[in-house]
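All chains should be modelled from the sequences, with the hints used to inform the complete structure.
In order, the protein sequences belong to chains P and Y. Quick note on numbering: my numbering labels position 84 of the first sequence as 84, and the sequence is numbered without any gaps. Quick note on numbering: my numbering labels position 63 of the second sequence as 63, and the sequence is numbered without any gaps.
Calculated directly from the structure, the hints in this document are not laboratory data. Any given hint could be a false lead.
To be verified - Think about it this way: if two alpha-carbon atoms lie no more than 30 Å apart in a straight line, the pair counts; the simulated DSSO-like pairs of lysine-lysine are: (1) P:Lys84 to Y:Lys22; (2) Y:Lys242 to Y:Lys252; (3) Y:Lys135 to P:Lys36; (4) P:Lys294 to P:Lys244; (5) P:Lys63 to Y:Lys127; (6) Y:Lys97 to P:Lys233; (7) Y:Lys135 to P:Lys135; (8) P:Lys242 to P:Lys267; (9) Y:Lys318 to Y:Lys192; (10) Y:Lys63 to P:Lys127; (11) Y:Lys314 to Y:Lys218; (12) P:Lys192 to Y:Lys22; (13) Y:Lys318 to Y:Lys91; (14) P:Lys314 to P:Lys40; (15) Y:Lys218 to Y:Lys97; (16) P:Lys192 to Y:Lys63; (17) Y:Lys192 to P:Lys22; (18) P:Lys84 to Y:Lys97; (19) P:Lys252 to P:Lys294; (20) P:Lys22 to Y:Lys84; (21) Y:Lys84 to Y:Lys192; (22) P:Lys135 to Y:Lys63; (23) P:Lys259 to P:Lys281; (24) Y:Lys309 to Y:Lys2; (25) Y:Lys63 to P:Lys63; (26) P:Lys63 to Y:Lys192; (27) Y:Lys308 to Y:Lys192.
Protein chains: 2
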Amino acid sequence: MKSFNEISKYINTEIDNINWTKEPVGLYEPISYTMKQGGKRIRPALLLMAYNLFQDDIENAIKPAIGIEVFHNFTLLHDDIMDKASIRRGKPTVHIKWDENTAILSGDVMQIIAYEFIAQTEAPYLKEVLLLFSKTAAEICEGQQYDMEFETREDVSSEEYLEMIRLKTAVLLGCSLQIGAILGGASQEDAKLLYDFGVNIGIAFQLKDDLLDVYGDKDIFGKQIGGDIFSNKKTFLLIHAKNKAKDDISEKLEFWLKKENPDRESKINEVTKIYNQLEVKNICEEAMNSYYKKAIANLDFVDVSSTKKQELRKLAEKLLHRND
Amino acid sequence: MKSFNEISKYINTEIDNINWTKEPVGLYEPISYTMKQGGKRIRPALLLMAYNLFQDDIENAIKPAIGIEVFHNFTLLHDDIMDKASIRRGKPTVHIKWDENTAILSGDVMQIIAYEFIAQTEAPYLKEVLLLFSKTAAEICEGQQYDMEFETREDVSSEEYLEMIRLKTAVLLGCSLQIGAILGGASQEDAKLLYDFGVNIGIAFQLKDDLLDVYGDKDIFGKQIGGDIFSNKKTFLLIHAKNKAKDDISEKLEFWLKKENPDRESKINEVTKIYNQLEVKNICEEAMNSYYKKAIANLDFVDVSSTKKQELRKLAEKLLHRND
Chain P
1 MKSFNEISKY
11 INTEIDNINW
21 TKEPVGLYEP
31 ISYTMKQGGK
41 RIRPALLLMA
51 YNLFQDDIEN
61 AIKPAIGIEV
71 FHNFTLLHDD
81 IMDKASIRRG
91 KPTVHIKWDE
101 NTAILSGDVM
111 QIIAYEFIAQ
121 TEAPYLKEVL
131 LLFSKTAAEI
141 CEGQQYDMEF
151 ETREDVSSEE
161 YLEMIRLKTA
171 VLLGCSLQIG
181 AILGGASQED
191 AKLLYDFGVN
201 IGIAFQLKDD
211 LLDVYGDKDI
221 FGKQIGGDIF
231 SNKKTFLLIH
241 AKNKAKDDIS
251 EKLEFWLKKE
261 NPDRESKINE
271 VTKIYNQLEV
281 KNICEEAMNS
291 YYKKAIANLD
301 FVDVSSTKKQ
311 ELRKLAEKLL
321 HRND
Chain Y
1 MKSFNEISKY
11 INTEIDNINW
21 TKEPVGLYEP
31 ISYTMKQGGK
41 RIRPALLLMA
51 YNLFQDDIEN
61 AIKPAIGIEV
71 FHNFTLLHDD
81 IMDKASIRRG
91 KPTVHIKWDE
101 NTAILSGDVM
111 QIIAYEFIAQ
121 TEAPYLKEVL
131 LLFSKTAAEI
141 CEGQQYDMEF
151 ETREDVSSEE
161 YLEMIRLKTA
171 VLLGCSLQIG
181 AILGGASQED
191 AKLLYDFGVN
201 IGIAFQLKDD
211 LLDVYGDKDI
221 FGKQIGGDIF
231 SNKKTFLLIH
241 AKNKAKDDIS
251 EKLEFWLKKE
261 NPDRESKINE
271 VTKIYNQLEV
281 KNICEEAMNS
291 YYKKAIANLD
301 FVDVSSTKKQ
311 ELRKLAEKLL
321 HRND
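This is the structure in structure tokens:
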């Protein structure tokens, strides 16, 4: 069994050794720029770790693992255009550094490159992996669509929010694990359990993200604290705050949500105070822990020794207790 | 052997029977809108016609054929954003009818749906088809990139232009034919000859498009005549006109290319006059005919009876003598 760190190191070496740039440079340079920014590369690690539960030669599964990471980075690139985000991983986003057309077209090519890597899957598994990957890829776009639609809706329920983050974030973690399991020759049951493990971890992961945005340590968290609050993003925290708030607290919350050109710091401080009064942090943490427990239960049922599953369990815990 | 018309009818029925719309409607409705606009659907027809050279049961190849058509429509959708085109097939483009984010994301999903159809290829051919399709898909993006780069370049050569249209337009025709041949069990040589046939027809097809923009009958041609001239698009005609023009004709041409806010009709009339004086129509027709001849030579070498190849030959001729 390889540790998460060993697997991560291997993935980084493989990805960083790829020469992404070719002619026309104007099309491929932004892809190289995006892929060289690193990130946690959790998804390919999950794929290889799931594979490693059943097989030792993780090199055999590296191509689809890279495909998943390329696809993930493609979604970030296109999402950044749609969300008008100017910074990603501390650097200007592609549509800012180049322009929007470049970002659209380079993203399109990244999606194709992702499929080229996925196509390197061993023949007997290729169709199954392709269809799972494609289904997941479409779901991620559906999640992004819901996320955008929620921006202009005032009645988003917490169930709808959870479904949105399941699609936008969690299914790709599940898909990565399931592909690793399929390629490793796992039973259908184990492959499905690993998928569910990934989805539940993914939802917990996103709830943690919502928490970090408000309660993270700004020196450790990569982004500025309070970005979600400032932009009225309908996170799990805000949805529950709106549901729980009554009378003057409700009025105060609405005041900050509707205030035009608010002072950034005041808005973040005041809304955080409201969150604290309403104890929505607890609700979010409870939901997060509940998904985490479901995930661990899924993992427990996978028909492989506990020792082998230790690394996935540790990674799940690490993702939940992370500060960035 | 099925005729082109029979095959087209079959494709139209199959595509028009698909229900493209599902939740979230905001994401899938633009896909339905795009796919329902029809178009010539030449590419899936080429795929099935190539398959039909070797096999009778064209139903066996319909899924990848649909995949190719979905992919083609995806490229039009994203190109229309990049080119700021407001009309496609007589109707508002997706980014106009909805908005740019919708057009980006719906296009992304179309690319995934294209791959889902391609994944329905029979297992023994899947990897080969996938890699050919992906290589072609990336080339189409490269062609679009060159096309955009040419807009701000003054020194585009006719060789560069031909390479751009090969990538942007011709390779997908070749790819469609080659996939049909592969699925039909053709030899590698025949599959390659059909690819080359498609590429050469594709280049001839695009040169015909350049000609129709200037010399088409506006009542038959789907678009307004002279659009390329008005927008200074570096077509084969303009590139050759710039090369051939001397002294006062050169000055006149430059005047119209540089004139800000020109009267549309005057500019189109005057530049067309220059084209006529310089006889660039002939140069373009000669190039077109030369690619057409190469294509027919490729087809002649395919190891199948002339009778069977009759329909492809007729289609090639029809594409070249079309008025729209």
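Here is how each hint holds up against the structure:
no. : hint                 : verdict
1   : P:Lys84 to Y:Lys22   : 27 Å, holds
2   : Y:Lys242 to Y:Lys252 : 11 Å, holds
3   : Y:Lys135 to P:Lys36  : 23 Å, holds
4   : P:Lys294 to P:Lys244 : 26 Å, holds
5   : P:Lys63 to Y:Lys127  : 14 Å, holds
6   : Y:Lys97 to P:Lys233  : 26 Å, holds
7   : Y:Lys135 to P:Lys135 : 22 Å, holds
8   : P:Lys242 to P:Lys267 : 16 Å, holds
9   : Y:Lys318 to Y:Lys192 : 23 Å, holds
10  : Y:Lys63 to P:Lys127  : 14 Å, holds
11  : Y:Lys314 to Y:Lys218 : 25 Å, holds
12  : P:Lys192 to Y:Lys22  : 25 Å, holds
13  : Y:Lys318 to Y:Lys91  : 25 Å, holds
14  : P:Lys314 to P:Lys40  : 15 Å, holds
15  : Y:Lys218 to Y:Lys97  : 25 Å, holds
16  : P:Lys192 to Y:Lys63  : 27 Å, holds
17  : Y:Lys192 to P:Lys22  : 25 Å, holds
18  : P:Lys84 to Y:Lys97   : 21 Å, holds
19  : P:Lys252 to P:Lys294 : 36 Å, violated
20  : P:Lys22 to Y:Lys84   : 27 Å, holds
21  : Y:Lys84 to Y:Lys192  : 36 Å, violated
22  : P:Lys135 to Y:Lys63  : 16 Å, holds
23  : P:Lys259 to P:Lys281 : 24 Å, holds
24  : Y:Lys309 to Y:Lys2   : 11 Å, holds
25  : Y:Lys63 to P:Lys63   : 26 Å, holds
26  : P:Lys63 to Y:Lys192  : 28 Å, holds
27  : Y:Lys308 to Y:Lys192 : 18 Å, holds
Hints 19, 21 from the earlier list are contradicted by this structure; the remaining hints agree with it.
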